[in-house]
Amino acid sequence: MNFATLFPELKPVVDGISESGPMLAIKSSSFAMPMILCSHVLALTVLAGSILLPGLRLMGIGMTSVSASTIEKTVRPWLIGALIVLAISGTVMILVNPMRAFLTPAFFVKVIAFVPALILSLGVVRSIASRDGVITERARIFAGIAAALWVATIWIFGTSYYAAPGTFHITCVGWLIVMAFGSNRTRIILGAISAVLILGLTIAAFSGVYNALNEYDLTMEIDRWSARFIALVVAFFLVWEFTRQRPDAPAPTANRLIGILTILAWFTVAAAGRWIGLGGGGA
Amino acid sequence: MFHDFLQWLQDVPGATDGDPSSSWSQTLAGSLHLWALIEGSHVLSLMLFAGTIFVVDLRMLGVAFRDVPYSTLNNKILPITIGGFVLVMLTGAVLFFSNPVHYYHSVWFRAKMVFLIIAAANIFWFHYRTQKNLAEWDARPSPPAAVKIAAGVSLASWIFVIIFGRLTAFLFFECDTMPVGSFGYAFAECESAMREANAAAEEFEEESTDGEATEEPTEEPTDGSTEESTEEAPAEDPAPDAATQE
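Each protein sequence line maps, in turn, to chains A and B.
Numbering-wise, numbering that gives the first Met the number 0 puts 239 at position 240 of the first sequence, and it's gapless, one number per residue.
Numbering-wise, numbering that gives the first Met the number 0 puts 231 at position 232 of the second sequence, and it's gapless, one number per residue.
One chain only, chain A, in its complex shape (with noise of 0.2 Å):
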């Protein structure tokens, strides 16, 4: 899916951007477009900071003896100057080029996981957090609109053919947290899981069973089927660990889950702002 199937009668708008005035300037110039990447590179990095210290927080993990509201009220100038860096070099990246816009899946994709990431950061998050973990019946109804909104942002993504490999840094970053954060009976598993199909798809590619990366001349095409079956793997570990009714949880499990799923939704726009770039275009 992407902005040329759902729109095509934008197409001529978008021709005739690119080929405005500022734009052809910033293209003519060899160094515009490098700085606005580099600035958006950056800003990218403040804001993974200012999603990982509130979204930690609120799973009972990293500053534990900082308030929730404390950490929240310290990092939102950051969230909303880095947001604000990145629409405006975001922008400008896709007035330059429109048309990548407007043919990329990933571009759509980002789009749209804006939504829950935007809800939850700027909406949830600070209404847990201001309240020192305490979650309103309104959070929790934003909270359940955004949870669907990712999954739907995921599916799309996860079907769009020259988006799709992107998934598989999601299910990275959910790894990641089970791995670092979960108990450690399901480090033990999920960590004994990963070695056997790492292992195995190894052995049996190299043994010309069965090869998950298709060799096609000088290219390699991720199979989609084994990316799938580990994102369900890593997905189930997540929901288990973090779900769990534990005496000893560090923080109730509706609060871990809105943790996770802000740092999942933040990443989710991340990577699949990266894809555009790197995946091609489209139908």
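None of these hints come from the bench; they were simulated from the model.
What the simulated footprint calls covered on chain B by chain A, stretch by stretch (three residues with Cβ under 8 Å from a Cβ of chain A suffice, anywhere in the stretch; the number is not a length):
id: 1; region: 32 to 40
id: 2; region: 49 to 57
id: 3; region: 64 to 77
id: 4; region: 161 to 174
Note that CB positions come from ideal geometry on N, CA and C, so glycine has one too.
Given the coordinates of chain A, assemble chain B onto it according to the supplied hints.
Frame of chain A, contents of chain B only:
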């Protein structure tokens, strides 16, 4: 010496029938999705690493979390930073392997390495010298000047590492476009890169001339043929689609 080793690394391991284009390095560089997955992982790991180290640096500067003791923040954040750094280094090493000769002779990549070394030296200096009297300033909202300087150096170094890392993907200030004798030419050790490229071009030109000589009775050579041959001579493989990547 390094150039020769990297050229071997790029062309030989995994190559079938002596064909460099089938080596592991070049197969990875030409892959449809694998290279992109590793590159994407590199950027996402960078977010994890830099996003957390900036928080610690800002505390050391006395800008953020002034009421939180430095050690509390550092103990909680540092494991994430280290995890991110390990991922950045691993993915970065694989990306380097995909096009080692190009990166080795890239001005931007070398500038990135310089700032990486400065950042590493700063970490060691801070750890073994500045942090010795941690108990004295741990809870102070505004740490002493030496700590602030270390934080400033760290912040600036990582920003430059990110900027130069991003610029590495662009194909300006390449060896074949920089004037011979310029600082960039010397800094990127372009001499060794161009020696090989020129030798390959000459060899190609000679072959073309021989071919033309034998075919002369039947085929008229055109002026453009030499130019085209020179252009097509194998020099350096550019980073895959680097200039167009976002």
